Amino acid sequence: MGPLIPQGLINADLSLFFAFVIGLGFGYVLEQGGFSNSQKLAGVFYGYDFVVLRVFFTAAITAALGLILLQYMGWIEHGLIYINPSFLWSIIVGGAIMGVGFILGGFCPGTSFVAAIIGKIDAMFFVIGLLVGVFIFGSFYETFQPLYTGSFLGNILVYDSLGMSREVFVLVLVIIALTAFIITRKIEDSINGIAHDPHFLFHPSYRTPFLLMLGTAMLIVFLPAAPRAKWYQKDSQTLLNTVAAGKHYTDADELAFKLLNPKSNDLLLVDVMKEPDRSGFRFPEAIRIPFSDLLNPSYKKLLKESDKKIILYSYSSSLSDQAWLLLSREGVQNLFVLKGGLNGFFETYFTDKPHATPKDEMQQFRDRFIEEAHTAFKTGQAAEKAIIKKSPVTTIVEIEAPPAGQGGC
Amino acid sequence: MLKTFSMERPKSYMNPYLAGFLLGLVLLAAFFVTGRGLGASGAVKSVVIQTVGSVSPAYAADNPFYESYFAEGTSRPMRNWLVFLAIGVLVGALYSGFMSGRAGFAIDKGPRITKTTRLIFAFAGGILFGLGSQFGRGCTSGAALSGMAVLSTAGFLTMIAIFGTGFIVAYFFRKLWIR
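Line order of the protein sequences matches chains A and B. Numbering-wise, the first sequence is residues 1 to 409 according to our numbering. Numbering-wise, the second sequence is residues 410 to 588 according to our numbering.
Simulated from the structure, these hints should not be mistaken for laboratory data. No experiment lies behind these values; they were computed from the predicted model shown. Glycine residues also receive a C-beta, built at the ideal position from the N, C-alpha and C atoms. Please note that a few of the clues may not be correct.
Here's a subset of chain B near chain A, in silico, CB distances under 7 Å, partners left out [said to hold, decoys possible]:
(1) Val442
(2) Gly444
(3) Lys454
(4) Phe565
Reference listing, derived: stretches of chain B covered by chain A, where coverage requires no fewer than 3 residues with Cβ under 8 Å from a Cβ of chain A [said to hold, decoys possible]:
(5) 494-506
(6) 535-546
One chain only, chain A, in its complex shape (with noise of 0.2 Å):
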């Protein structure tokens, strides 16, 4: 499911909406924390006020366990998700000079605007300083570029850094913020000379926070390994109850009927065949997926996004079986596969047969279609009727990511 813009899920004009939403609760929360004050700021590096370290580490780990529960669930694909490059030296110089940045300014970039929008003048100067800032490094981007491009390690993991599975980090994580807060409560009491509270290790301003986020990680900690089917997949007993009763069949006698009747043609016709096993023939307006590109993300959305009746072909149905296991595990809809494959196919429509003895009605009005058909099919009336034009999609173009976030922050 998400990422969303990655996956091409969403257009460009309406990512740029989701930004500014997105925007709208940024800029909400950090102004109702309490981050548009930087004296309030500025207190976390003399211990009267540590509501930066507060909410920045409520922050940082309500989202880290949100990723990973969301990952658990399938709901978001971890490889699509950004990581970002560590350029070791680049971010120690970096960091330190942000560092001096903070203390003598009092801001970072996205509070200083927080707090210019609302009027605060020394915020204003900060953001103009922020892009005097920036101007100097491309003034001398050349003369920092080894620097900043230098020292690349890769887009490592932090607990891959430090030699620990991911679940244990974030426990041990969840620790150390937690025993944060509780001993940065004891400095700013005593900074602010408040008087000893009765609450000593659980005051309750606290306590939600550490139930919600210890119990959280524990049970990051003790989840079964195997994460569930995600949650657009079908699990495996339907699809075994569906291929045992060959539900996912669909009669060649339906496609070939509207083959003849293109207004009514409500079919999407999916040629699975292997690269070099493909045959020349083709129904109109059919798609070929090769069997090994079935996983390709744009194929996958296209699948999915059509309204279509889907109908996978082969030579004989074996492959596209194969395939309707794997598309349907994935969550494609209104999937079928053609009974019989193109050899049945060919062999009902395209093969002279005697005549049988009468049957019943229906049976009797199926040879018929089946005789007008081989006669269209043969004389080459299928082309005439059906109207060939070029499939908008027998091309796939891959989709771009988009440049989302370019130069980082």
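Assemble chain B onto chain A, guided by the hints.
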């Protein structure tokens, strides 16, 4: 000291843990939509690139920091996720500030310095933060907070570098903030 636009007394701030939790949810929403976290300095960079590109296209075309943004002649630095995010931040904060009676012209400063001193240091701090955020490939929100949320080594290093340095130099600049 605070000339608010509303006559009400400013409301108190939100419980920091609740604010943190909500901020975490906003961050999570950003990951769900974009696969990346939040950011603030990216918008500053876009403004600088756009400004330099408009004022002196020749300079921008000659400088590797800017040229990639204007190479095809079609890219628009301001039509960018982070710029729209920043616009949202401004509107959201303005709403919050007015609703809580905190909007109004003011200068927050330590008790021992003048307003002019405060403004000079705010400007200087901004310059350093702007410069540092380029080396860090993001600031407190984009590199440290979002980087920590995805458990990247870079995120934790940035956080430690920013706050570690802050604590080290805090003593020398204590006059700015405390008695």
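These are the hints, each one checked on the structure:
A distance limit of 7 Å between C-beta atoms decides the matter here; for valine 442(B) the minimum to chain A is near 5 Å, and the interface restraint holds. The beta carbon of glycine 444(B) comes within 3 Å of a beta carbon in chain A, closer than 7 Å, and the hint placing it at the interface holds. The closest approach between the C-beta of lysine 454(B) and any C-beta of chain A is roughly 5 Å, which is under the 7 Å cut-off, so the hint is satisfied. Against a cut-off of 7 Å between C-beta atoms, the interface hint on phenylalanine 565(B) holds, since the closest Cβ of chain A lies about 5 Å away.
Using a Cβ-Cβ cut-off of 8 Å, 13 residues of the segment 494-506 of chain B lie near chain A, which meets the minimum of three, so the contact claim holds. Note: the segment 535-546 of chain B has 12 residues with beta-carbon separation from chain A under 8 Å; the three-residue rule is met and the coverage holds.
Hint check: no violations occur; every hint is consistent with the structure.
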